[in-house]
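We have chain Z; now place chain L onto it with these hints.
Top line first, the protein sequences correspond to chains Z and L.
First residue of the first sequence? That's 19 in the working numbering, and the numbers climb one at a time after it.
First residue of the second sequence? That's 235 in the working numbering, and the numbers climb one at a time after it.
If you're looking for bench data, these hints aren't it; they were derived computationally from the structure.
Glycine included, each C-beta is placed from N, C-alpha and C at the ideal position.
Among these hints, one or two may not hold up.
As the list claims (entries may be wrong) - Footprint (simulated), chain Z over chain L, 3 or more residues, beta carbon under 8 Å:
no., region
1, 282-295
2, 318-328
3, 343-350
4, 405-412
5, 427-433
6, 441-448
As the list claims (entries may be wrong) - Straight-line distance between alpha carbons at most 20 Å, and here's what the computed DMTMM-like set of lysine to aspartate or glutamate pairs gives:
no., chain 1, residue 1, chain 2, residue 2
7, L, 313, Z, 192
8, L, 302, Z, 90
9, L, 344, Z, 90
10, Z, 577, Z, 219
11, Z, 84, Z, 109
12, L, 313, Z, 186
13, L, 313, Z, 403
14, L, 313, Z, 90
15, L, 344, Z, 57
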Amino acid sequence: MRPLILKVSGVILLAVAAGCVAAYLATRPAPGRLTLSIETKPALMSAAYKVYGNRVAGNGRYWLSKVVIKNEGGAPVENVTTSYRIPGLADWTTPTTYLRILPGQTVVSLYYPQLPDSLATKTTTTTEHVELKVDYADRRGEQHEARQMDFQLRGRNDLIYTTLPEAEVLNVQDLYENTDLAAAFVTPDDPVIKYFVEQLESKAMGGTTVGAGADPREIARFMATVYAFEQLSGIVYAGTEGLPEKSGTSVTMIQKVRLPREVLLGGSGLCIELAALYASISEAAGLDPVIFMTTVHAFPGLKVNNELVGFEATAVGIPGLGQKRVPFEAALKRGEEEKDIWMAGGNQQIGQRIMMLDLHYLHHVSGIVPPELPDDPAARQKIDEILARLLGGQGRSAQQAPPPHARAVARNAGAGGSAQPSQPPGSQPPAAHGGNRYSDPNGFFTMALPAGWRVNAYPAANFRSLALQAFDAGQTMGVTVLVFPGVPSAEDAINQVRSYVTSQGGQMSSTEQAQVTNNGRQYRQFFGGTRYAQGAALDWVTYVRSFAQGTVMVSLQAKHGQLVGVLPQLRQVFATFEPGA
Amino acid sequence: MNLKRWTAAPIAAGIIAATGVAALSAPAHAQNSPRVQQEDLDVTVDAVGNATFVDKVTRSAIDWEQYKRSYGGNPSLLKRDVQHQYSSMDLRDIALTNDDMNRVATLSWKAEAAAEYIGNGQWQGALPKGAQASKVSETLWEFTTTYPDPGGITQATYHIHLPKGARNAQQTQNETGDPVLRYTLPDSAAAPLLLVIAAISGALGAALLVVGLRGKPAQAKGWGPAARPA
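So that you can see chain Z by itself, here it is in the shape it has in the complex (with noise of 0.2 Å):
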């Protein structure tokens, strides 16, 4: 009876298996099913290949493909893994898995691409496409899935202001909705700035650096220099070309815009242009930039102790159109008065406001990083040309020489940036008119000093080779002629002046530079400094010339770091040195 009994049961318990096994299979839920929503960026600009590279960029908003993956299905997904690839520019990613995917559940996979360095010199926009692979598994198996999406690559001088469809456009928010990324064209650690920048504190700010937390005329002084930089090398304002212009349906506003280093060295920029290469010297030195953007305008600023000062780099004006450059003082005025009308939300003039670039937030924080930019040892040259042409002056050709205002914003341009009145554009510098003839009494030179300044001739009793020296009223500038009868050589003269110096308690710093040439006489030519344990410090350019009977020496002097400023007026007197017969 016993087995009878457990067969029976065996049996009931077999027969409700089974039927267990076949409700399941009549009730059990729908396999996974794996649905893809793929959206992809319809075109990246080479000059953010790098942002484009970083998930934590912009909180992670500058992905280039973006693949939504749900499971509609009723049943897990296991194992499911995206890899992305851009064929001849970034090889298939490490696959991403997700491990398990329920009914209902959706991941999200966000493509960074890793763009080589290469981009930054890429000029033209190419078409290039995203491959994508998702490989799983479910209850049929092993399972891939495969799409290729296309996008436009930008060259590197692309500012894509937005990749609205033009139909979604409807302000200029959305206009601009990706003016975060002009960023990616403010360069400070391109080593072509960093070079013009090391340059310019060290021969034409007399080793003076500016950086956060620096006196606010030094800054001021910093900012006064560049600009009469850029104006002595001719860089001119371009005007209105290069207005954002529309382009197909889906990237509706794109400028060329160049890089820094390509308006440094190319003489003329875009208002972003100047903006950015007026951001990328200023953060190279280590200040604070931003640039004001409006729907038609753009200037640089910087933050100088929790204050903004806004700057009109275009200030350098536009002579084929007949707008004349302007002194500094009237570039940061106008500057001032146009991040008033900014603050206020813009006006007809400058544009409606769209915001302002924080450089440092952009770059550190953002992750808006600039291209990486190879050295160019051509750049650096011209470089030490044109500061060579700036502090030298002499030489060069008619077309070289700065126009008269010019020599006026950079004898400002010494004035630390104060507020004082400057001369007028197109005047001419005081030493070319109402001034005085001085001649030597021993008649070993002659040479016109402008008028108001103060001569002082055989200053030093014990030091009989200073045969004069001549300052403005204000004693920012100076010449200092000195004769060293019977000594041969300019070593032998420097030499003598150093000791002086020591002397005087003072020590001396002079290194060589090209030779010039001064009313048809060759000049060698130094570069040096003058400090005093009082504090006293002077930069100047030294003119020195042998001849049989003994050397002379011609000194052009500023207080420490505003020679650059002033040293076109100084040259200007110096123009009018004779030697005596």
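Frame of chain Z, contents of chain L only:
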């Protein structure tokens, strides 16, 4: 749930704030007495990592006017910025209601992929850097953060409602060292009950059947016909 973006809650920030000039563009009065506005954000997470966000901000009269000139008057921009800030999620049903009488703006949306599954029944969502979430109950966590906005600061309180059945929740760090809120949910992908019953009853039935069938010779020896006298 990915909470990483919550530090820059979009509804409280203006267009200007988004570009980093918040304090500079504040109304003049606000420079003298920076005010604090309150934001409450409720996040309700479901069993598969999707979440519903409800972000509510109450403003002063002046702040309300400023808000109306920015996001309040441009819902498309607000929507786009929310999508940017929550790139790692798939947002749907974004809705904005402005209560002008009480100066309360409420932004809500559904976010898929707000939390990620990391295996062994564990889920996690990113928290903002510096967040110190505190446990209110097994399924409710909260934290507070502040951030600048035009004219002052916003103090935002976040309420995270974990799915029913969540346990062992704790704030920890992910593999990159960023703070996350990690919790455990029973594995809903376990074998269905029918198959469990089938397996148990099938095994038991088979065992009984085998025992019953094996018992037949023994019975023949003792209790079966073979034992009967010839």
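Non-conforming hints, listed in increasing numerical order: 4, 8, 13, 14
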